[in-house]
Amino acid sequence: MRHRQQLLHIARTVALALVFALGLAGCGEGDPAPVGPPAVATVGLSSATPTIAPGDSLVVVAAPVDASGQPVPGAAVTWTWSDSLAIAGVADGATLRLRALRPATLQVFAHSGSASGALQLTVRFPEPSAMRVVVSTGDSLVVGGAPLVFVTVFDSLGRTVSDRQPLLTTADPTIAEIRFSSAGPRLHALAPGRTEVIATLGTLRASAAVRVWAPPRYVFPDTSVLLPGLARALRAQELPMDQQARVITADGWRTSAPGVATVSASGEVTAIAPGRATISAIVGPDTLRALVVVKPPAAPIEFVDVVPRAPCAVARDGGIYCWGSGSYGQLGTDEIVDRCESFQPFSGAGRMWWVRSAYRCSALPVRVQSASRFVAGSGNGSGVCGLTDAATVECWGYVPTAARTSTVPVPIAPGLRVAAVDGTCLLTTAGAVHCWGGWSAPIFGDESRTADLPRPVPSPVAFRQIGVGPSHLCGVTADGAVYCWGSNYAGQIGVADSPQAPGCFTACEPSPRRVEGVPPARLVRPVAFASTCALDLAGVARCWGQALTNGRRENSPLPAPIPDAPPFVSLASGGSAACGLTASGETWCWGSSFFRRDGTVGDLRERAERAAPDFPLRALSVDVGAACGLGVDGVLWCWGQGLLGDGVVPASPFAWRIARVAGQR
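Just so you know, the sequence shown maps onto residues -25 to -1, 1 to 640 in mature numbering (1 follows the signal peptide of the UniProt record, and there is no 0).
Quick caveat, the hints were computed from the structure, so don't treat them as lab data.
We treat Cβ as the ideally placed atom computed from N, Cα and C, and that holds for glycine.
Take the hints with a grain of salt, since some may be wrong.
Distance windows between CB atoms, simulated [as the list claims (entries may be wrong)]: (1) Phe318 x Ala240: 23 to 31 angstroms; (2) Phe318 x Ser111: 21 to 29 angstroms; (3) Leu123 x Trp329: 34 to 42 angstroms; (4) Arg154 x Arg180: 17 to 25 angstroms; (5) Asp589 x Val109: 54 to 62 angstroms; (6) Pro233 x Leu428: 50 to 58 angstroms; (7) Leu123 x Ser627: 41 to 49 angstroms.
Kindly generate the complete structure, drawing on both the sequences and the hints.
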């Protein structure tokens, strides 16, 4: 075996020697040397365009060639460029994909071996082709406004051109002119009229039409009714489009009849004697006017009762006096009264503006225009009804007639003998209930329609007292049993579950259901939309329905005493608050939006607490935003917000105060 391996080794050695010898024999003198790839002599560069806009992309291709101009396949290429801030690129062999960053003129180089090539590129914004002018407030602005002006320049492909700034002017600089600010060009409105904002760039021109208007200026209140000796502050105001009225300074004030009313340099009017006077405020070239009517002093009023849920009171002579808003005719008179204002926001096309509405109101008590003698009354949100000593009812403001509203009292259900009126329901002397209007819809078990005229409410029992809320009604029978019906989405009817009866939008009871768990009751009062309170013969207030106003922190259909509440002799409710009066005249409240004695507003209270006022009352009326009470001394007071019957028009309708109603003994 070993001898055989030696023979194989010798054979391989001889074979290699022969191959080497043959190779040497084939390499004679004069034969050509081995040939490698040709050398690159130059590098050519090409692109679709030598000009590119910032943000656009471009492909550059390198073509290495030899001395004879023939392409050199597979030649390695590297890339550089002279301005790395102007372009960014990604190389892929002989191809460079670049993106323009900012305007510049630069060189792009391609290197292959010792050869290189260059391509000059220009990064610049495209030539403008069109422009658009936009004023930030749209096509309308008020004198004194200074909105920003935006001009956009486009190229022929619709791309934005940002390196060219057009010249901005206006067609009439007496109406508006361009001024520059740190935020950009602004259009300063100088005078009412129409003009154009014009942008010019070379031969390009674009414009935007604008209208400059002067904000309405007026005196507020523009109508005032005063009694001799009373004073009222007037103020000059203007109404910009984008905000509520603002006070402006008057250059002076004057009166047309100083024997009727005088006016101070600050606009305070003092009533002197009965008559009419025009008060003028001088504001620059404008004269703004307001009417002041001074009425003769009337006999002192002696109030004997308040009207629930309305700023009204019953006088001893049988008249009803009202004050506050008269936007629907709630004052019950068509005589001249004060004028108030409200502001409603509107929005559209990316803008918001305010619209002013002026409406009838009275800061003083005005007597309802009726020859009837009233013994009681009740408010219903947008109207008031009075019960006469002839067992009839008259209503004003929102009324259940075809006209829907009336500024003077109109008879309601003249064929009925009425024992009580509450909200939009009547209680006849026979114990039957008749209701009308939107509030009555759930009571009839049909929220899809309302009763324009009073119609009877089906009931298996007769009532001696009723309480009407926005969506449910309750009544007390002769033996003190409490029944409720209407909406029941929070348990305000006193039953746990109610079906969604045909026509009802929520769970409701279309017929009276007895409320269990209430001892014989003296009266019952719905509170807000979804609570109810009853006062038993012992003076204990029990409530059920929605949380907080039911004395608990959760909804419950089960009547329960109000925590911390003392015995009461009467209950009042309005808005989201319930209140009770004690035998000594103290006011206690719970729920939301009642007024504390320290001037704050009570909110989210399930327990009773002492409330305003500090002095004892014998009658109490609670409404949204205000309350009124008749003191044990017979003096009527109101507290809260807005017009409180003392002749004062507050600077802020939301200021909390307490006021003695004017015109009393």
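Taking the hints in turn, this is what the structure says about them:
no. : hint                                : result
1   : Phe318 x Ala240: 23 to 31 angstroms : holds, 28 angstroms
2   : Phe318 x Ser111: 21 to 29 angstroms : holds, 23 angstroms
3   : Leu123 x Trp329: 34 to 42 angstroms : violated, 21 angstroms
4   : Arg154 x Arg180: 17 to 25 angstroms : holds, 21 angstroms
5   : Asp589 x Val109: 54 to 62 angstroms : holds, 60 angstroms
6   : Pro233 x Leu428: 50 to 58 angstroms : holds, 52 angstroms
7   : Leu123 x Ser627: 41 to 49 angstroms : violated, 33 angstroms
When each numbered hint is compared with the structure, violations occur for hints 3 and 7.
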